[in-house]
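Peer 1: What follows is each chain in one-letter form.
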Amino acid sequence: MSEVIVVTSGKGGVGKTTTCANVGTGLAKLGKKVLLIDTDIGLRNLDVVMGLENRIVYNLVDVAEGKCRAKQAMIKDKRHPGLCLLPSAQTRDKSAVKPEQMVKLIDQLKNQFDYIILDCPAGIEQGFKNAIAGANRALVVTTPEVSAIRDADRIIGLLEANCFEKIDLVINRLRYDMIKRGDMMSSADVVDILSIPLIGIVPDDESVVISTNQGEPVVGNFTMAGEAYRNICHRVLGEEVPFIEFEKGFSFWTKVTGIFRRN
Amino acid sequence: MKLHRFFQKKTSGNIAKDRLKILLISDRVNCSPEMMNMIKNDIAGVISRYMKIDEESMEVQITKKNSKGARKSPFLYVNIPILDLSGAPHK
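Going down the list, the protein sequences come from chains A and B. The first sequence begins at 1 in the numbering used here and counts up one residue at a time. The second sequence begins at 1 in the numbering used here and counts up one residue at a time.
You may find that some hints are simply not true.
To be verified - Beta-carbon label-pair distances, calculated as ranges: (1) B:P81 / A:E100: 34 to 42 Å; (2) B:C31 / A:D93: 45 to 53 Å; (3) B:D42 / A:F243: 52 to 60 Å; (4) A:C163 / B:L83: 41 to 49 Å; (5) A:I210 / B:V29: 38 to 46 Å; (6) B:E56 / A:V146: 23 to 31 Å; (7) A:C163 / B:F75: 33 to 41 Å.
To be clear, the hints were calculated from the coordinates, so they are not data collected in a lab. As the structure is a computational prediction, the values presented were derived from the model and not from experiment. For each residue, glycine too, the CB sits at the ideal point set by N, CA and C.
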């Protein structure tokens, strides 16, 4: 049975698209069949973060309107077998697709994939409603800032009202030096406020910017963010993985074992 | 800088946490801080008819958490320190 996961946050710019790209790629690296759907119509970004922007022919709106088959619009990522992207339209707006069309499309594709991951736009309007319509599980992304946490709380309330079975929290862009000084809320503080299960902590890491520049997700690379995303993927699969403390960067032992490990 | 921190009791992280906790209560139930204050004063008024309470350190919160930290339907949490049980005026 495939899982349909929506990645959402309420506030913009907290790392929904990056999380989507990395969790999707990470799960594909673990041998799962994954479909990423960009539901941010009018402001598509997942394609460029994934490095697949040059291969788009058809998009989500074309599929929803019946202009092409879903298979024609899906882009296969050649670097990772089992990973597909269904890009969004750039020249239309959120009202181009209705929630019922999303449900129909996801039902149609469900049996072909182990995981369908939806990249949700910012906000709680039409785009959000489209993205959550077909999903049964959610990853809520937030940063340790008051604005992002407030929006995340609102989103969690909306997801609960829509009877989501599983809602997990990803805390992005944590800076350990600031937490130590007491100038940033720790992951424990954020979990205490939002009271939903924590599935991942991603430290603020330059490697995310570098990998996005190159169009290759950071997951599985030997960087702090790469390791953090790899752990999130294992937890999505239901495995128990301890949370790494990135306080002092990598320990000597992790560095040694990291050299010998792939993915 | 260090001296400055010594005198400053709260770190900005803690300020953020405290602000959020109060803010989210009113967000979650659509209830303004003023209304919470009115509820608090009314409860304090009723209880102090029967026993002597510490109104200053009384807490009133609407939360969605139960004791295990899981979210559920909202409930009103009131914490009233009692100063004197015996010496309470009976009506």
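Peer 1: Does each hint fit the structure? Answer for all of them.
Peer 2: Structure-based check of each hint:
1. For the hinted restraint 34 to 42 Å between B:P81 and A:E100, the CB-CB distance of approximately 55 Å leaves it violated.
2. The given range of 45 to 53 Å is broken by B:C31 and A:D93, whose C-beta atoms sit roughly 35 Å from each other.
3. Taking 52 to 60 Å as the suggested C-beta distance range, the pair B:D42 and A:F243 does not conform, at roughly 44 Å.
4. Distance hint check for A:C163 and B:L83: the Cβ-Cβ separation is about 46 Å, which falls inside the suggested range of 41 to 49 Å.
5. Judged by the Cβ atoms, the range 38 to 46 Å given for A:I210 and B:V29 holds: they are separated by roughly 44 Å.
6. Range check, B:E56 to A:V146: about 27 Å between beta-carbon atoms, so the 23 to 31 Å window is met.
7. The beta-carbon spacing between A:C163 and B:F75, approximately 21 Å, falls outside the hinted interval of 33 to 41 Å.
Going through the hint list in order, the structure does not satisfy hints 1, 2, 3, 7.
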